[in-house]
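Below are the chains, spelled out letter by letter.
Protein chains: 2
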Amino acid sequence: MQDNNDQLYTEYVALQQKAADLNNASAVLGWDQEVYMPPKGAYFRGRQLATLATQAHELLTSEKYENLLRGLMRLEGLSDTEKHNVRLGNEDFQKNKKLSPAFVDELSRLTSESFNAWVEARKKNDYSLFAPSLSKMIAIKRKQADMYGYKDHPYDALLDEYEKGATVAMLDLVFKKIREDFPVLLDKIKAAPQVSNDCFHQHFSATNQWDFSISVLTRMGFDFDAGRQDYSEHPFTTSFAPSDVRITTRVEESNFASMLWSSIHEGGHALYEQGLPEGQYGLPLGAAASLSIHESQSRLWENCIGRGIDFWKFFYPRLQKYFPRQLEAVTLDTFYKAMNLVSPSLIRTEADEITYHFHVMIRYEIEKALIEGSLQPADLRDKWNELYWQYLGVKPKNDVTGVLQDVHWSHGSFGYFPTYTLGSFYAAQFYSQAKKEITDLPHQVTKGTLDPLLKWLRDKVHQHGRRYTSEELCQKITGQKLDPAYFMRYLNEKYAGIYGIK
Amino acid sequence: MQDNNDQLYTEYVALQQKAADLNNASAVLGWDQEVYMPPKGAYFRGRQLATLATQAHELLTSEKYENLLRGLMRLEGLSDTEKHNVRLGNEDFQKNKKLSPAFVDELSRLTSESFNAWVEARKKNDYSLFAPSLSKMIAIKRKQADMYGYKDHPYDALLDEYEKGATVAMLDLVFKKIREDFPVLLDKIKAAPQVSNDCFHQHFSATNQWDFSISVLTRMGFDFDAGRQDYSEHPFTTSFAPSDVRITTRVEESNFASMLWSSIHEGGHALYEQGLPEGQYGLPLGAAASLSIHESQSRLWENCIGRGIDFWKFFYPRLQKYFPRQLEAVTLDTFYKAMNLVSPSLIRTEADEITYHFHVMIRYEIEKALIEGSLQPADLRDKWNELYWQYLGVKPKNDVTGVLQDVHWSHGSFGYFPTYTLGSFYAAQFYSQAKKEITDLPHQVTKGTLDPLLKWLRDKVHQHGRRYTSEELCQKITGQKLDPAYFMRYLNEKYAGIYGIK
Chain A
3 MQDNNDQLYT
13 EYVALQQKAA
23 DLNNASAVLG
33 WDQEVYMPPK
43 GAYFRGRQLA
53 TLATQAHELL
63 TSEKYENLLR
73 GLMRLEGLSD
83 TEKHNVRLGN
93 EDFQKNKKLS
103 PAFVDELSRL
113 TSESFNAWVE
123 ARKKNDYSLF
133 APSLSKMIAI
143 KRKQADMYGY
153 KDHPYDALLD
163 EYEKGATVAM
173 LDLVFKKIRE
183 DFPVLLDKIK
193 AAPQVSNDCF
203 HQHFSATNQW
213 DFSISVLTRM
223 GFDFDAGRQD
233 YSEHPFTTSF
243 APSDVRITTR
253 VEESNFASML
263 WSSIHEGGHA
273 LYEQGLPEGQ
283 YGLPLGAAAS
293 LSIHESQSRL
303 WENCIGRGID
313 FWKFFYPRLQ
323 KYFPRQLEAV
333 TLDTFYKAMN
343 LVSPSLIRTE
353 ADEITYHFHV
363 MIRYEIEKAL
373 IEGSLQPADL
383 RDKWNELYWQ
393 YLGVKPKNDV
403 TGVLQDVHWS
413 HGSFGYFPTY
423 TLGSFYAAQF
433 YSQAKKEITD
443 LPHQVTKGTL
453 DPLLKWLRDK
463 VHQHGRRYTS
473 EELCQKITGQ
483 KLDPAYFMRY
493 LNEKYAGIYG
503 IK
Chain B
3 MQDNNDQLYT
13 EYVALQQKAA
23 DLNNASAVLG
33 WDQEVYMPPK
43 GAYFRGRQLA
53 TLATQAHELL
63 TSEKYENLLR
73 GLMRLEGLSD
83 TEKHNVRLGN
93 EDFQKNKKLS
103 PAFVDELSRL
113 TSESFNAWVE
123 ARKKNDYSLF
133 APSLSKMIAI
143 KRKQADMYGY
153 KDHPYDALLD
163 EYEKGATVAM
173 LDLVFKKIRE
183 DFPVLLDKIK
193 AAPQVSNDCF
203 HQHFSATNQW
213 DFSISVLTRM
223 GFDFDAGRQD
233 YSEHPFTTSF
243 APSDVRITTR
253 VEESNFASML
263 WSSIHEGGHA
273 LYEQGLPEGQ
283 YGLPLGAAAS
293 LSIHESQSRL
303 WENCIGRGID
313 FWKFFYPRLQ
323 KYFPRQLEAV
333 TLDTFYKAMN
343 LVSPSLIRTE
353 ADEITYHFHV
363 MIRYEIEKAL
373 IEGSLQPADL
383 RDKWNELYWQ
393 YLGVKPKNDV
403 TGVLQDVHWS
413 HGSFGYFPTY
423 TLGSFYAAQF
433 YSQAKKEITD
443 LPHQVTKGTL
453 DPLLKWLRDK
463 VHQHGRRYTS
473 EELCQKITGQ
483 KLDPAYFMRY
493 LNEKYAGIYG
503 IK
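Sequence lines, in order, name chains A and B.
Numbered per the numbering used here, the first sequence spans residues 3 to 504.
Numbered per the numbering used here, the second sequence spans residues 3 to 504.
Isolated chain A (complex conformation) (with noise of 0.2 angstroms):
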């Protein structure tokens, strides 16, 4: 009996790395297209992609996986971990069964095209090259909703493929807090003498913000044998085992903001993809929680540490020897205060720490409407453009600063922004955790001392893989629930320092 669990095991997790090895496979093809990829080999990569995507999608629904997944839910005697491999890999199969292969060929071909019109839209700075794309992406999204199947909700099918479990009513509660909340902060902010970012504006070479990023990147903990970083269009993250993780920038000389910050967001989620236990390659307990849990990763590297003043404590002086020139009269205050003024705008990647939540629910607001059929893509230029001016006060100039700036409506990733806030929560009430559990952890940080918090988070976060939901995750690692007064709270304490508010 033992002997014909492990074989039924084994089995299994052949055929799920098989169709890993394929997806990762997708995942070095899409990484070159964003990084490498001349523009003519569009189409058929566009092909191959598709091809890839189907024979994984076939793996993973065939009868011979579904006979196996059903023999090993019955089973008795497998292992702790091995129990939770087979009941995710059932969930998954539920839901992948719900799409035909055709589906799945069509969709994948659809978003090669898709991304190729945005990458073509934005170098023309020309939304309307892009909405025919988009159209159909949002039709066949539309389509994969009634696939999925839902309650309330079309676009609930659809965020549940990035956040198990979260649905509009309860996206629009959060967002409902953020309305309230944040502009008690921001109107105080706004009373309170102004700081200036004015010491970024000055010409910042592209090799020494280059090279500075590497040597913070490997502070961190990111294993430069174990991936790389590259430049890309739009900054990203990807992977194909915890060996090999790639990350993406993309650098202004006129700009410094716009660099390190981003680097050391796809750093938080490389070091997440480097943690994943490599002997659960390929299957889910190899595989990130969620995408909040993620961007948990991300945004505690990038805000809580890297907008920190203790983080820059250590980094600064370092700095400023790459930049002698444009820094050596530059205090750390002022430095410190530059990289976190707060200031409604129109980038959300540039955005701060509190604006960049109104940033996330314009595009929230947007999907919403586009996916139950109250926006057209044909007047999606103006929504965005109406909703920047009633929310942040900003009108874009342009496309490319506008409806154009994210790329993740051309990957047909609808549901996936409302992951940047839930994050960006987690982050905070991790963070707050960890300050309790590592001792002198601020103190560590001002000497560059990164790897007692690499090491909690492998801990914490990185090692469980999906064996916990996001939730069940939070309740783990801090005793309770997600609370958004974390978030607030870090908010508040940051800001009255920097600002002066009392």
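Please note: incorrect hints may appear among the correct ones.
Pairs count within a copy or across copies, as identical chains cannot be separated in the list.
Claimed, not checked - Keeping only pairs whose Cα atoms sit at most 25 angstroms apart, straight-line, the calculated DMTMM-like set for lysine to aspartate or glutamate is:
(1) K42 / D453
(2) K126 / D227
(3) K178 / E367
(4) K339 / D200
(5) K125 / D227
(6) K42 / D227
(7) K42 / E280
(8) K66 / D107
(9) K153 / E182
(10) K496 / D183
(11) K99 / E60
(12) K42 / D232
(13) K126 / D225
(14) K397 / E355
(15) K125 / D225
(16) K42 / D461
(17) K42 / D213
(18) K478 / E374
(19) K42 / D225
(20) K478 / D128
(21) K178 / E115
These are calculated hints, taken from the structure and not from any lab test.
Start from chain A and add chain B according to the hints.
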């Protein structure tokens, strides 16, 4: 009936192209492995490549595929192109089905393992670190030869993979001719006043070498919107579609000879790949005719063009602008002679056009012996050094410049090397024909006008894909069979000029 034909053929194309997608995905992973992959990525990359190879092999040996082929082989009314695709597809099928899926998986894994061992061994300059993997590789290639079957020599079965119909019996004759004829010319050269390549051994900045190589590739007609050049340990060309062809190169700042001709060589391969008919993607007629014909393209560009005086009449003044300090006092004649200096040497890829073929012959003899079992991998280093002494009168100082210099065996490519010599022969014969058919070709070349030649090659070679075998293509283009006399005449004329031989 016609409809049935169409449907069968359409299904056949779809299945072939799906397999091509998987193989092209493998090519992307292989490219990344040699160009950008971090070292720890090797293990799981090996898995992923094995899965892709197995999946493609499964498709192309499936019952469904066999039935399609059977149906199509019986059908009347296919177009000429369709008939060729079916006939060649069937030939491949008969060959593929001799290998079990487990064998394909094992071979693919071993290839990754063995490539990584070779990289490691090179890094440590120690052949013994590569020998164990090589032993396994030889065992599996010998097994492959047995699975394919052969009449006279197991090596024949492997040769056939790279050059249909090539045999030990045929190649023994070719290399006998080289052993007999080449020394006559070499002796005349030895007796003549020697030329020098001192001008190559100055400091040539990598950036400028790179930029110059890009300008040369551009003028050759390499489409950088449909391809790119990167650095790798060992230069190679790979293609994911005619619209995405990648070449790699390496650079040495203290030796100008190291990079440029290798770029031109890979550029010649790449022009062939970019010129294959996109409409035949994934089908036999969308693939290159054979390795020897592929090599004829790279060598025609590298040697007949790139080491010819006409080419440099145009490019030398341009090169001098890239390296004014190094080259302003070097005459075109000196530079031209430097690039054609004949001297027995250790590194195949840097050898002159005559002694090059002794390098190939050494590998041919070694491969024959390894596969038939008369030479053991443990004795390979000694055998290598002994043959270099015997044929070239030189002794490797270490393994990196000796037995570890080529990537091929780590890839399991036994039977590949002889196509290099055949390629040179075809190149000379094709180039002689091109000069007859293209008005004023040498004069065009002196003006940097290379597109008439490219157009001729597209027309005579590239567009046909695998429609003709090497021999058939040669007959069609030149009106006769492959005749080594063309190459001998080419060498005699060229070196008579350079060395002042009467």
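Item to complete: List, from low to high, the hint numbers that the structure doesn't satisfy.
Response: Per hint list: 9, 18, 20 and 21 violated.
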